[in-house]
Every structure is written in structure tokens, then in C-alpha cells.
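S.K.: Letter by letter, the chains look like this.
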Amino acid sequence: MQSQSPYALEIRNLRTVFPGPAGPLPIVDDVSLAVRPGEMLAVVGESGSGKSMTFMSALGLIAAPGRVESGTVRVGGVDLVGLAPEALRACRGSMISMIFQDPLSGLNPVFTVGDQIVEVLRAHRRISRRQAREKAVELLERVQIPDPRRRLDDYPHQFSGGMRQRVLTAMAIAHEPQVLIADEPTTALDVTVQAQVLDLIDTLRRETGMAVVLITHDLGIVARHADSMTVMYAGRVVEQGSVARVFADPRHPYTRSLLRGIPRIDSPVEGDLMSIRGQPPLPGSVRHGCAFEGRCYLGRGRVDCLRNRPELNIIGDPEHLSACHYAESLHDEEMPA
Amino acid sequence: MNAVQAKAGPLLQVTDLAKTFGATHRLVPKGFSVRAVDGVSFSLNEGETLGLVGETGSGKSTLGRLVLKLIEPTSGKIEFQGVDVTGWQGKQARSLRARMQMVFQDPFGSLDPRMTVNDLVREPMVVHGYGKDDIEVRLESTLLQVGIDPRMGKRYPHEFSGGQRQRIGIARALVLEPKLLVLDEPVSALDVSIQAQILNLLRDIQRRTGIAYLFIAHDLAVVRHISDRVAVMYLGRIAETAPRQSLYAAPRHPYTKALLSAVPTPDPARERGKRRIPLHGEIGSAAAMPGGCSFHPRCFRARQAATLPGVEVEPWRDTRLPRACMREVPVLPAGVHRAACHFADLVDEGLNEQAPSPSCQANAAVGAV
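Protein chains in written order, with this note's numbering: chain A, 1 to 337; chain B, 1001 to 1369.
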């Protein structure tokens, strides 16, 4: 058996498929990633890149006809893949929990916020209603909701978007999970509120040692909050490493293009943004070669890119990985102006 | 260029525009009303882009709709090409749409799924009575202009990706060769790599045609990239407006400052050292508008100003705030860089800001003349 792992969450070679007209389509294709206790891992990618599906798969939330074909998902020494539904339910919430983008649909509009937190608390623990209510007050306090005892009897619509996301965060951390998956938790929120919610998540992980996986498309948020990052494209990991390292020296053309293609509030605005031509491929549609080949600024039609799927390889630093045949030789000069 | 503009006047001039959504529904208590837009004035020149930024509930989308006459203002005046169009209705309003058009946020919901691309782009021309041959010529040139292969014209919207659909939406808006395009969050539903394509396309079209944009968005970096001038809205009013360069380099309104400090930049080294300006609470509601300056419940500067000698204060919750902030609506002064703040010239303490570079200060000074 595995000895003490340094990671709070460790996903190895995860593969999730959906049936397609010509055989199963890998929506999540050989994804491996890991995050240490107290750290934040950002998972970056476009819609359809498989970033949400990876964690839905990890939590056993993939609905048929999709299924997890292979791989392991270890949380605290337990492999979640292949667990019976009952055992999996016991793990979700208590060991690993998730918050989603839309803070309104995560709450039931006809129950008070207090009732919903109490329900979550009593799902995994045998405590009385009164004890659960006391604990709920504590939780709302932890997520910095003012006047928590009074707010307990309010309904979700009486909370603003940012406050609702705090309530959902309170529910997600109710059982002190080792891992919190936050799927675009602030995308629906205004920028000043977004900052408050992310600061709260930062505080919680520092205080409790909980590992956080932040699924996002916002590279600014990654730069500010995350320790390490995984860049996904077409269901696969294309680059992985510490945030400092990947931003300073991206080793995949997709990452490089992304970093150059976003408008910033602090850079010159003359000239066009570097855009990536074309569209991302449909999930599971690339069967040979590099999925990014058709959009890569290095140019189309390179034989090795067309034929051989690039492996995720170590680039210099043992924790910096890139899946590009030309990872070692990328230069800024090659990039279009 | 400037001389021509001075002679012709601005393309669009909006004066003291207001929109109150009232209690017309039987479930809404009488006397309950929402001042979504509350006394907004601005102008837009030909070929210029004005960026309108603000958080949810700031009234920026309502303002866009008012300009296009999709909804009627409660008061105020809209002049387009020097003509007062505020009261235009029916046929007159429709004739205006040939000259000002809108692009919506959602490239999925704004295109009829049962119409082909050709039909979608033809429709505005048919409505406005273009000749058959003219229609076909314009159809092809417009599709080419937005980067859609005319051979794909027989396809339906669902066969296109989000970015391509947004291009089709832009083609529909452009085909009548309008003078003004109101773009309401045109890229916020798109992936990062597609956003850059659309932003570049919009800039390219403006360079070629001299069209003016009213660009409404919540993303400050996107707005900075595309705009010549920027107006920051807060609860239905313009808090600050300035040429792009001086607004981003030397913001004067405390709300603009806080907003800019909250935007994370994709630069880990800088982000880790940056201190954000904390705001108190969240954006208020236009339905329960705070009196005086509507920003005062959240304002850090008001709290600082209250400690200055000679400033009249009033108790507020557990602290004191300047009387002016709580009682008087700050006006947007004349000038180029304008901030509606009672203490616009106060140097904020403890914000740990970088001093604006000399060139920015020079710009700001020029702007004030």
C-alpha cells in the first residue's frame, strides 16, 4: 500500500470517456495532477478543455453514458475511483468537497440558509439540531458573514451574490475537508466581491491546511492566489508547474499565447492582442498528434506535431512539465507581433 | 480631424438622462421605484470608443438601451448627429436604427436558430428596404469583413462556435453601415483565446470605417484595451470619466481606485506585493439609493476626510462621515478628467500606491484645462 503521500489530492492517469459515433471519446485524457496540503492549485483552460470534467470524474459525479475508464484519485490514502456509491458519498463533503460557479442554483430557495447548513452538518455527523445550529453560526462567522445568528433564518434571495458564495463555502467546509474544489467560484461575481471571496478562501486554507483546487479561466486570479498551475487543452494537461515558473517561462505555445492574448490594466495598449487562430477542437476529436497543432503559432503541418502526440515531459525544474515537441526551444522572437 | 469634429459637433450627445423603473406591477408596493440611470451626461465623437464600466446594477446596460431607444427615458435628452431624437417613436425610431445598432452579450440567445447566416444578415437590409442586388453584394462583403467565409452562409447558428456566432451578430449590426455601435458585454461570454480575436476585429473595423463604439463591459482590462475614453458608473451615475490613459494611470474617484486595485493582473511577482483597497460592504441597490453621494457607505476616502480639521461631520453607523458625502450629490465638474467626488483632490493615505509617473500628472493637468 501507499506510504504517507505528501499530497492532499493526487490524480493519476485519469481517463473519462463518453460514447461517440466512432468509439469512446476521451473527454478527460490521461490527466495527472497533485496538490499539497494548504496549497492552491489552479487549473486553467477554455470551455471544453476538460477542466471541470476532471474533477467531476474525481468526485464520481459523471452521469451515464459517460464513465471513468481508468486512473486513480487519492485523497488521504483512499482511492475514490471504484468506490461504492455509499462509500463515495461518505467521502464527498467530509474529505473532499466542491463549490460551483453559480451561487444561486447551489441553494434551495424555499429553505432558510440555516436549515440548509444544518442539513449538511447532519448528513455526515450524528449531532442534534441545536448543536448543528450552533455550529452553523460558527461556520457563517468563519466565512465572514456579518450578524450570523440573525442571518441563519434568512432565505437565499435575501443574500447578495457574494454572500451566497460565502454560504456555499461555509457548507463546503462544514466537515473540514482535506480538499476543496472551487469551480469558477467568482465568475458570476463583480470584481470587488470576487476579491473578497478569493481572499476568504486563501484565509481558510492557511488556517486549516486544506488544499484548494481552483478551476478558472482568469490568469490574473491564478497569478494572485495560486501556488501551482495546470494548463489543460482538449482534455489533456499541456503544461504544469509552479505559478512563478510558468508565468516567467511558459514552455508550451498554448500557454504563451494565452499570456500574450489577454488585455491587462498595466501594459501598453498600442497594437493588437495576440490572438490564437481558429477554435479549440471538440473534446475527444483529436486522435493523432498534438491537439493544438492547427492553432499553434509555430506553424501548421510539422510532421512530428501531426503524427505524434507529445508526452508531458520535465523541462529543467522537476516540477515543470510541458507537452510540446519543441518545449525546450521556444523563444519569444518566434511569436507573431 | 479635430476641426471637423468641432464643426460637426459630437455624434452622440446625452444630457441629464434618467430612467426610473416604477411600480407598475400590482405586486410592487406603490411608490417603490428604481432609479436605474440617474442624470447621466456624456458625448461621443465619430470614430471614437467610449467605454462604460461598472458593476452589476450600475445602470450601464440600461444606459445603452436608452441610447438605442429600446426603452424610453424618464427625463433628459438624446441628440444624435445634432438632432434631438429623444421623443422619436415608431417609424422615426426605426429609421434611427439604421444609424445605430447593438451587439449583445449572448451569441447563443441573440440569433434566431431557425435562420441561416445569410438570412440573419439579410434581415436588417430587407426591413430597411434595400434592393435585391444590393443585398447580395453587401451580404458577402459584410461576412468577409467579420471573418466569416461566405460559403458558410447556408449554415445555421448552432453549427458555429461562440466566437463565430459573435462575428455573425456583429455582421448583422454592421450591414446597414451604422455610425454607432452599442456593444453590451460583447466578449464576456467568450473564451480568452476568442476574446482577443473579437477585440482585434472590432478595432480593425473601426480603423477602416470610422464607426463609433459605446462599449459596455465590467472587465476593466478589456475596456482599457478598446476605449479612447472611459466612464465609470456607480448606481446609475457616472462617478468618473477621463481619457483612457489618465483614468487608468491616475484615477481620482475612490470607487475607480478600489475597482482598479481589485483587478488581478497576470503577473505573480507584482500581484503578491500588491495591496488592494478594501471597500466596505457591497454595491448598494438602486432601489434603496443611499442619500448624498451614493458611494459613501463603502467609501474609504469619506472616512479619512471626516478626520480632517474643518470638515463638518455627522454620525453614521459606528463612525462619522463628512456631512457633504451624506447629504449632497457630488456633481461631475467640467473638464476632461472629471470625478464626481466631494474630496476629489484629497491625497488618500495608507493606500501604499505608487506615485503616478510625471507624464501621467502632466496628462491630468492638461486634462483639467
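Accuracy of the hints is not assured; some may be wrong.
Unchecked claim - A few chain A residues that don't get close to chain B, going by computed Cβ distances all over 12 Å: (1) N13; (2) D199; (3) D218.
Stated by the list, open to error - To spell it out: a stretch of chain B is covered by chain A in this simulated footprint if at least three of its residues, at any positions, have a beta carbon under 8 Å from a beta carbon of chain A; those stretches are: (4) 1082 to 1089; (5) 1251 to 1261; (6) 1275 to 1283.
Unchecked claim - DEER-style ranges, computed between Cβ atoms: (7) A:A123 / B:R1317: 46 to 52 Å; (8) A:E319 / B:V1127: 44 to 50 Å; (9) A:P19 / B:E1072: 36 to 42 Å; (10) B:V1336 / A:G209: 31 to 37 Å; (11) A:H157 / B:H1128: 42 to 48 Å; (12) B:G1291 / A:Q158: 22 to 28 Å.
Quick caveat, the hints were computed from the structure, so don't treat them as lab data.
Think of the CB as a built atom: it goes at the ideal place given N, C-alpha and C, for glycine as much as any other residue.
S.K.: Run every hint past the structure and note whether it holds.
M.R.: Structure-based check of each hint:
1. Distance check on N13 of chain A: its Cβ is at least 27 Å (rounded) from any Cβ of chain B, clearing the 12 Å threshold; non-interface status holds.
2. A Cβ of chain B approaches the Cβ of D199 of chain A within 12 Å, the least distance being about 8 Å, so the stated non-interface status is violated.
3. Some Cβ of chain B comes within 12 Å of the Cβ of D218 of chain A; the nearest lies about 7 Å off, and the non-interface call is violated.
4. With a cut-off of 8 Å between beta carbons, the region 1082 to 1089 of chain B has 0 residues touching chain A; three or more are needed, and the interface restraint is violated.
5. Only residues whose beta carbon comes within less than 8 Å of a beta carbon in chain A count, and the region 1251 to 1261 of chain B has 3; three or more means the coverage holds.
6. Counting residues of the region 1275 to 1283 of chain B whose beta-carbon sits less than 8 Å from any beta-carbon of chain A gives 4, enough to reach three: the coverage restraint holds.
7. Distance hint check: the CB atoms of A123 of chain A and R1317 of chain B are about 38 Å apart, inconsistent with the given range 46 to 52 Å.
8. Here the CB-CB span from E319 of chain A to V1127 of chain B is close to 59 Å, at odds with the stated 44 to 50 Å.
9. Taking 36 to 42 Å as the suggested C-beta distance range, the pair P19 of chain A and E1072 of chain B does not conform, at roughly 53 Å.
10. Between V1336 of chain B and G209 of chain A the C-beta distance comes to about 52 Å, which lies outside the given range of 31 to 37 Å.
11. In this structure, H157 of chain A and H1128 of chain B meet the distance hint of 42 to 48 Å, their C-beta atoms being roughly 43 Å apart.
12. A hinted range of 22 to 28 Å holds for the C-beta pair G1291 of chain B and Q158 of chain A, which are about 23 Å apart.
The structure fails to meet hints 2, 3, 4, 7, 8, 9, 10 from the earlier list, while all remaining hints are met.
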